[in-house]
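Just so you know, the sequences run in chain order E and F. Taking the numbering used here, the leading residue of the first sequence gets 1, the next gets one more, and so forth. Taking the numbering used here, the leading residue of the second sequence gets 1, the next gets one more, and so forth.
The hints are simulated quantities; they were obtained by calculation from the structure and are not laboratory data. C-beta: ideal position from N, C-alpha, C; glycine also. Check each hint, because a few of them may be wrong.
[To be verified] Label pairs and their computed distance ranges (CB to CB): (1) E:56 <-> F:137: 34 to 40 Å; (2) F:312 <-> E:144: 43 to 49 Å; (3) E:149 <-> F:104: 35 to 41 Å; (4) F:174 <-> E:144: 44 to 50 Å; (5) E:89 <-> F:27: 39 to 45 Å; (6) E:148 <-> F:13: 29 to 35 Å; (7) F:4 <-> E:5: 29 to 35 Å; (8) E:118 <-> F:10: 21 to 27 Å; (9) E:146 <-> F:112: 57 to 63 Å; (10) E:149 <-> F:13: 52 to 58 Å; (11) F:207 <-> E:121: 46 to 52 Å; (12) F:279 <-> E:146: 47 to 53 Å; (13) E:118 <-> F:9: 16 to 22 Å; (14) E:11 <-> F:175: 48 to 54 Å.
Read off the chains here:
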Amino acid sequence: MTADVLLRGRGITRRWGGLTAVDRIDLELERGTVHAVIGTNGAGKSTLINILSGEIAPSSGQVELLGQDVTRWSQPRRARAGLGRSYQRNTIFPSFTVLENCRLAAQAQTPRPWLWWQPAARCPASVSAAQAAAGRAGLDHCLDQMAGMLSHGQKRQLEIAMCLATAPQVLLLDEPLAGMGAEETERMLALLRELKSGHAILLVEHDMDAVFRVADRITVMVNGTVIASGPPEQVRSNAEVQAAYLGGH
Amino acid sequence: MSTGALSKTVFVVVAFGLLAAFPLMGGSYGIDLVTKIMVFAILALSLELLVGSTGLVCFGQAAFFGIGAYAAVLLSPADAPPSLAWLLPACMAMAAGYALFVGALSLRTKGVYFIMVTLAFAQMAYFIVHDTPLGGGTDGIYLYIKPVLGPWIDLDHPLTLYAFTLACLVLVFGFLAQLRRSRFGRALDGIRVNEQRMRATGFATYPYKLAAFVLSGAIAGLAGFLFAVKDGFVNPEMLSWHMSGSVLIMIILGGLGHLRGALIGAFAFTLLQELFKSEAVFGSFARHWTLLLGLAIIASVALLPRGLAGLPGQWRERLLGRASRRAEVNGVAP
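If we strip away everything but chain F, and leave its shape as in the complex, we get (with noise of 0.2 Å):
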């Protein structure tokens, strides 16, 4: 095993060990901290795919993030608890249905205009819950009951919940991993390099990246689903382009190309987010959290090229450019 591949798996198997023990040391606000962190980190893991993997900068995650979260909420029963076996699929069918109309119509345009459409249609979807009473409006709703499966899972506990996610976080996580491996995984990233050469040799591209497009937005329904559950309340902000931007920026922040990228910039963002709302920390000046948010987005652009993902290799370059360069300067070959 070379040590790129070596790190990468000592990395993973660290950082879901430390998630499976955290519930043993974090109170009720760690866990639920956690668990929103965890929901999030899905989410960023949907957009990669699609960003870091295909090459495809979708600006309208929250769309089918916000989907999975109102038809949790819309298709469970008023008196009964849902069973996970059909809802959870039911969501995420329902995110994946919207990410087929929405990439089958804006796959056919390329760069910035992509962008912007898909933009468009996530503010469509955010209009239509926003506005009308079919989602309650801007007040939202509440999801009284929880959905359980069988005896055996009851999401109403904080705990079964912190499982159910984590669990959710690893399959996603080896799920997108082995893809990226596959021959699928290689022809996305064949797509994002040079699409026009894979047209030549042979491969239809416009499948491949709508296949991608539904399977994050089916994954981002998870996410949503998940986000619905545990705060029992939806509302349109879940959707909003504030919603979306803030997975891109996840995504950006971890490092894009990687999928623990997208793990990391999860986590770095929630907490950074946390750490300015404090007023424990920054006192009165906690009301002005977005500006420190922001400065501090702006300062790791600039610091750190390829994400925090990116840090160890950015570290070990310099180490040896130097060693390198102190060799040039005494005559020896480096």
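Looking at chain E on its own, in the form it has when it is part of the complex (with noise of 0.2 Å):
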């Protein structure tokens, strides 16, 4: 197999005292395709993409980025290097406008902090990525709107586009749709196909509906295992997945 693997875990495991979060986890993202992960709460999908993205280290295990090692990376060399990730709260700045918000995201790819004279607003980089990454999103109608007035799914829009702004070949979303009404999920899916073609997309979510249509992969954790990874018809009809999680789905 050819794949173009952009991110890859090997027996990724965490223990918080006597308790395992996660436990000996494979998995890959490739370019070009959705990757959800399910399972209940506590599953331990969140600490997964802590691990990933080096908010917290693994106990033992190794994270491969783009070919690289990059287990021992601090969380912003691994971002700078290519790894986006959103949050399953909104972690935007409410008191910026919705550009400066974007700015500030794509201002990591040329900080130049020592250019003290030069006003942040006339970094021409970082300005036109921002203006690039707010548009993609669907935010280009509200660039000057205080970010902290959005509505919930612009906000959670303007997560996406402030990860798209560090331009990303990775993104780990963490649970983008949570708290979004039917016609926001619908522009989130939206989204979400057309980033797949040039992103490898790591997607966790509890709305199952929309995993299901949008994933090309889905693996379910359980108590910080792997009891199912595979296309979604495989899982849907997975015997196991179906008595641990998805009920009558």
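Mind docking these for me? Both chains are given alone in their own frames, and the hints should help you get the complex.
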């Protein structure tokens, strides 16, 4: 197989004292696919994202980004190398405008902190990257609005836009659909499909309908371990998954 | 230009214009007092960079202030006037050096722990000058010969010192205003609001915070240098936690998050202090000035949640709020 694997986790394990939150997870994210991770609360999905993005260190196991072992890299270094993540709760900067939220994110690519006399708003690279990212996420009509005043759905879009502004190759999205209405969900799913071509996307999501519509691969976690992984139809018909999680789905 | 930006520019022009014109009417007492206030304003600006911009509540700013002041005295030769050209940078560098040491260790902690660790390092510096003969112990030491710059600047003249201090204040204010708009300043803003998000975006936040800390230490060192030159005397109280607390109160009183807040706060705090100490106004009760100052600060924090700099906005909102309520009562959309 010659698939373009951008992010790979090998045997990822995280223990908190006696509790094993994530137990020997193997995972591959390929360019052009949406890989969904589903599971009940406490199954270890967020811990997995935190380990992949470098927010917490694994107890054992290995993370590879674009073919390089990045297990010991800090989170900012991984982010600059092309790993973007969004958060389950909104982590936008509410007192900044939409454009400034994206611009600040884009600035991470051209930090130049010693240029103290040059206003950040006149940094052409980050401004154009911010405009492009906001446009892709469907926010080009409200660039000058304060982020805190956006609707919930728009805030979720802004989370993605800030992610895109850093020009990532891999996107780790933690429940981007949380709390969204039907129409907003449709818009977000369309965005995910559009982003798929250039990125490898890991999607942690509770909305099962949405997951089965958009995912190319689904991994099901229970109590920190993977009980099934494969294309949606295969996972849907898996008896163990049905018993453990999907219920009568 | 928006009305907000316009009113800020007007404030800055008027404030610095008044300061420049003040020596024409202020007597020697007034010039000495305003010089002292401008020194405190520089110190308050240095702390505003940490607290207001970066969200780092440093409770040890007095250490950098005191080190700048002690360096000015200890590095000065006993027999000839030192040159500003090397003495001033040296004082700032020594304060910045201690800030680098303190920042490198304390920035590994967060929140209340950060406050306590910065306080502990400041107390350490305080006890070194207080309990060792290095800086004259509790009595402090005198600076007999004031620094000069060639034949042009002699800081022994109160008016020259006033002008020099005002120039320093303008430069620091201008520098910080520009810095806040720059990429570095925007990154500090991001760190204040959500450091975790900044890391996820690709910013290594620790070097940013350390750079801000060292910069702040250097500016506090400048203030310390000016203070030592003004009084011709330094003592350990300059490094005490009372001093750190006073600067913190200045920027809270003035309004966090604005440079002009630090300026207004330094003036308000020092002038209130002078007022409550004045026997002409309060008679023998002036002995209890700390009580009055404390009550004034409690009242201002309770009534002015955004500080003095936020007062116009607070009034505007109250007026608009009343207008919109009235409109609602009359059944008209606001």
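Here is how each hint holds up against the structure:
The hinted window of 34 to 40 Å between residue 56 of chain E and residue 137 of chain F is violated, with their beta carbons roughly 50 Å apart. In this structure the hint that residue 312 of chain F and residue 144 of chain E lie 43 to 49 Å apart at CB is violated, the actual value being about 23 Å. Between residue 149 of chain E and residue 104 of chain F, the C-beta spacing of about 39 Å keeps the proposed range 35 to 41 Å intact. About 27 Å separates the C-beta atoms of residue 174 of chain F and residue 144 of chain E, a value inconsistent with the hinted range of 44 to 50 Å.
The hinted window of 39 to 45 Å between residue 89 of chain E and residue 27 of chain F is violated, with their beta carbons roughly 59 Å apart. Separation of residue 148 of chain E from residue 13 of chain F is about 32 Å and conforms to the stated range, judged on CB atoms against 29 to 35 Å. Checked against the given bound of 29 to 35 Å, the beta carbons of residue 4 of chain F and residue 5 of chain E, roughly 50 Å apart, lie outside it. Distance hint check: the CB atoms of residue 118 of chain E and residue 10 of chain F are about 25 Å apart, consistent with the given range 21 to 27 Å.
At roughly 30 Å, the beta-carbon separation of residue 146 of chain E and residue 112 of chain F lies outside the given 57 to 63 Å, and the hint is violated. Restraint check, residue 149 of chain E to residue 13 of chain F: a C-beta distance of roughly 32 Å breaks the suggested window 52 to 58 Å. A C-beta distance of roughly 23 Å is found between residue 207 of chain F and residue 121 of chain E, which places it outside the suggested range of 46 to 52 Å. A beta carbon spacing of about 51 Å between residue 279 of chain F and residue 146 of chain E agrees with the range 47 to 53 Å that was offered as a hint.
Look at residue 118 of chain E against residue 9 of chain F: about 20 Å separates their beta carbons, and that is inside 16 to 22 Å. A hinted range of 48 to 54 Å holds for the C-beta pair residue 11 of chain E and residue 175 of chain F, which are about 52 Å apart.
Against the hints set out earlier in the document, violations occur for numbers 1, 2, 4, 5, 7, 9, 10, 11.
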